[in-house]
Amino acid sequence: MPDGPEDVLGLVRRTPLSFLGTVTRVGDTRLAEVPAGERTAVVKVDTVLHAPDAFTRLGGSEVTVQLSDDLDPPTVGEAAAFFTDGMAYGEGLAVREIGRLPADAVAPDVSRVARSADPMPFSALQRDIENEGLVTHADEADAVVVAVVVGLEQAGSGRTPDEKFSEHAPDWWRAQLDVSHVEQGEIAPGRITVLYPNSRDFRWFRAPKPQPAQEGMWMLHATEGALAEWAPFQILHPDDYQPVQKLQTLQAARR
Amino acid sequence: MPTLKVVNITPAALSGGRSQDAEPNLAVNPESPSEIVATAFTPDPMGGPLAPVYVSTDGGQTWGLRSIIPGADADTGTGDISVGFASEGGALYAGILSGLHRPKVTRMQILRSPGISSTAPMEILVTRDSPDQPWVVAASVRLHGDIRDRVYVANNDLGRQPQTAAVDVSDNARTAPAPAGFKPSVIERRAPSGQDGPPVRIALHPDGTVYAVFESWRDVGDVGGGILNVTFDVVVTRDDEGGLGPNAFQDLKDAEDSGIGQRVVAERTERFNAFMGQERLGGDLAIAVDPTDPADVWVAWCDRGGAAPGVGCTLHVRHSTDHGQTWSSDVRTVTDAKNPALAVSTDSLLGLAYQQFKHSQWVTTLELTGDGWQTPAEHHVLHQAPANVPRAQFFPYLGDYIRLLSVGRDFYGVFSGNNTPDFADFPEGVTYQRHADFVSHQLFDLDNVTRVPPSIDPFFFHRAA
Chain B
300 MPDGPEDVLG LVRRTPLSFL GTVTRVGDTR LAEVPAGERT AVVKVDTVLH
350 APDAFTRLGG SEVTVQLSDD LDPPTVGEAA AFFTDGMAYG EGLAVREIGR
400 LPADAVAPDV SRVARSADPM PFSALQRDIE NEGLVTHADE ADAVVVAVVV
450 GLEQAGSGRT PDEKFSEHAP DWWRAQLDVS HVEQGEIAPG RITVLYPNSR
500 DFRWFRAPKP QPAQEGMWML HATEGALAEW APFQILHPDD YQPVQKLQTL
550 QAARR
Chain Y
155 MPTLKVVNIT PAALSGGRSQ DAEPNLAVNP ESPSEIVATA FTPDPMGGPL
205 APVYVSTDGG QTWGLRSIIP GADADTGTGD ISVGFASEGG ALYAGILSGL
255 HRPKVTRMQI LRSPGISSTA PMEILVTRDS PDQPWVVAAS VRLHGDIRDR
305 VYVANNDLGR QPQTAAVDVS DNARTAPAPA GFKPSVIERR APSGQDGPPV
355 RIALHPDGTV YAVFESWRDV GDVGGGILNV TFDVVVTRDD EGGLGPNAFQ
405 DLKDAEDSGI GQRVVAERTE RFNAFMGQER LGGDLAIAVD PTDPADVWVA
455 WCDRGGAAPG VGCTLHVRHS TDHGQTWSSD VRTVTDAKNP ALAVSTDSLL
505 GLAYQQFKHS QWVTTLELTG DGWQTPAEHH VLHQAPANVP RAQFFPYLGD
555 YIRLLSVGRD FYGVFSGNNT PDFADFPEGV TYQRHADFVS HQLFDLDNVT
605 RVPPSIDPFF FHRAA
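Protein chains in written order, with the working numbering: chain B, 300 to 554; chain Y, 155 to 619.
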């Protein structure tokens, strides 16, 4: 196999689902949407290694795997770690193989999870990847501060002069933040004003909604145009708010 | 003897799903009605860049999920999405608001797929910023021996203030390269108060007559919190040549002011973005034409007329038998209702589906009438469930629309609702694919052991003649 154990992190980064599985049939399928062929196999999932929430309970199931053209087909009875992407969802699940490792390569992760509070063997790797994302997101921010929310108010009518009425309108609000620590950016400790969309429309519901007395690490982005008249910064991305404990994570990752 | 079936279309493979799969839409292939595509605010199950559609090839008995829509958001899939099959050839069209929008701007895209068997990402034909609520209706016409797909994408184009009600039309959508002949036509010809309302809907007759209906906003009062007091007219426009000429949708003039577009009703009020049963209100509209008579048109909308003080939202249905020129008074009203959907079968049976907030429940109903409710209609409660379960993750909670279609004598529809497995919630019965125990009223995860809390799922229904 071209991938070695050192590629686990890369494979987890590239795929949403991995599992330790045993090949039960080659050239077969469990889903009509995925025709059986030389490059299909049915694999029994022994242990889910990492997965989106909806697939963490996949263990014990049989999944159809569209095997990678770049890897030798597995043999019946072979156990391996399959790194996959979603392909079809029906009575069962079909996945597309992106990478594969020998079962031994992930055995330490599987045995370690039994002694930890992690829900899945690759949970620690996923945290590392999330922390990398945290650093990248912070690097893109104009300021990163630790602050507590001391005031909330609608910004004007919630609508800039150029905005139309729409069910998808953001409904702009202002949060007053009392900054106790400046991690990044040209800001002095004290009070600053930050804009956020208060709408819970699907376009905006993931944007942070500051709550009274809420403390956190805030990743601030400079406003432009009409919004700049209301506040110098805005928060739109779900990761623009982080629990204050994440400051240590950010600082450690940047060292 | 007519039959009715209701199916929860979430596949078994997504038994662990908890997403708010709201605002459903539906397309049935008229040539092969066993081929059905449904959509909702459903994200790709693995967080991928393509949003899924629900696909059935057995008439809606079983469903799978296939990610083929570009522009997915990780949490909601696309934004607004609607779909339609051409009447011949099996091509599928979609109008979406891309999930990959820039802040403050909606991005409408019109998409094409060669057919239900295609697993390739849909081809992007049109991309335009600012339109809202794209609504797809497709048909096929024979021209000089060729079959052409005539596709309409109604939308509220907020980039064309103040006359925002619009329809993008293509006379050759199946084969032409992008933008596949799509051209926008503004259908609002009066001077609204800043803009029109979000929903613009289309009804297409096989002879080429095409109707469009929209809410012409006459006055808007901002009461804060994103809530508006809106006064509007319901306006119907018509084009007798398929909406293709230089003066499209101008064949119906108002009997009173001679303006383009007949006002079905004027000076109605709504409280736009107000709440009822965890759901937001505003902009409910539907239109249908009798496939056997292009003069026979039905319109439904919701307003505060006749509603109790406060929010209130009353559904009204009216009827025209002269190509939309004159309209009846209300032939049907339903209090505290939203999401009207209309369709007429080839035996001139009118279907009305809607969702009503009643006794703290959301109740989804299908009514069928052959005489405009002069005699009691065939009445089916498809679903009834507590309106406070689950808690809304975002708006819309159930959706700003549902859809009802007719193919021949049959009706097909889709709605979203609380997915608690309880036969008391489904008076007409229901079939689930995801793991569900109707004795304990409990959903279960893929392992059939771990409990899964209720969420909002799409439900398909089919009333076979």
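Among the clues, some could well be false.
As the list claims (entries may be wrong) - Label pairs and their calculated CB-CB ranges:
id, chain 1, residue 1, chain 2, residue 2, range
1, B, Asp477, Y, Lys159, 57 to 65 Å
2, Y, Asp484, B, His536, 24 to 32 Å
3, Y, Leu254, B, Asp477, 29 to 37 Å
4, B, Thr374, Y, Thr604, 31 to 39 Å
5, B, Ala413, Y, His513, 23 to 31 Å
6, B, Gln544, Y, Phe429, 43 to 51 Å
These aren't lab readings, by the way, just hints derived from the structure by calculation.
Every residue gets a Cβ at the ideal spot worked out from N, C-alpha and C, and that includes glycine.
**Item:** Status of the given 24 to 32 Å range, CB of His536/B versus CB of Asp484/Y
**Value:** 47 Å, violated
**Prompt:** Does the Cβ-Cβ separation between Gln544/B and Phe429/Y fall within 43 to 51 Å?
**Reply:** Once the Cβ atoms are compared, 35 Å apart, the range 43 to 51 Å for Phe429/Y and Gln544/B is violated.
**Message:** Just to be sure I understand the hint, the distance between the Cβ atoms of Ala413/B and His513/Y should be within 23 to 31 Å; is that true here?
**Reply:** Distance hint for Ala413/B, His513/Y is violated at roughly 50 Å.
**Request:** Given the range 31 to 39 Å, decide if the beta-carbon distance of Thr374/B to Thr604/Y lies inside it.
**Result:** For Thr374/B and Thr604/Y the Cβ distance comes to about 32 Å; the hint holds.
**Asked** Should the hint that Asp477/B and Lys159/Y are 57 to 65 Å apart at their CB atoms be regarded as holding?
**Response** Check passed, 59 Å falls within 57 to 65 Å.
**Request:** Note whether the CB distance of Leu254/Y and Asp477/B lies within 29 to 37 Å or breaks it.
**Result:** Since the Cβ atoms of Leu254/Y and Asp477/B sit about 35 Å apart, the hinted range of 29 to 37 Å holds.
Of the numbered hints given earlier, the model fails hints 2, 5 and 6; all others are met.
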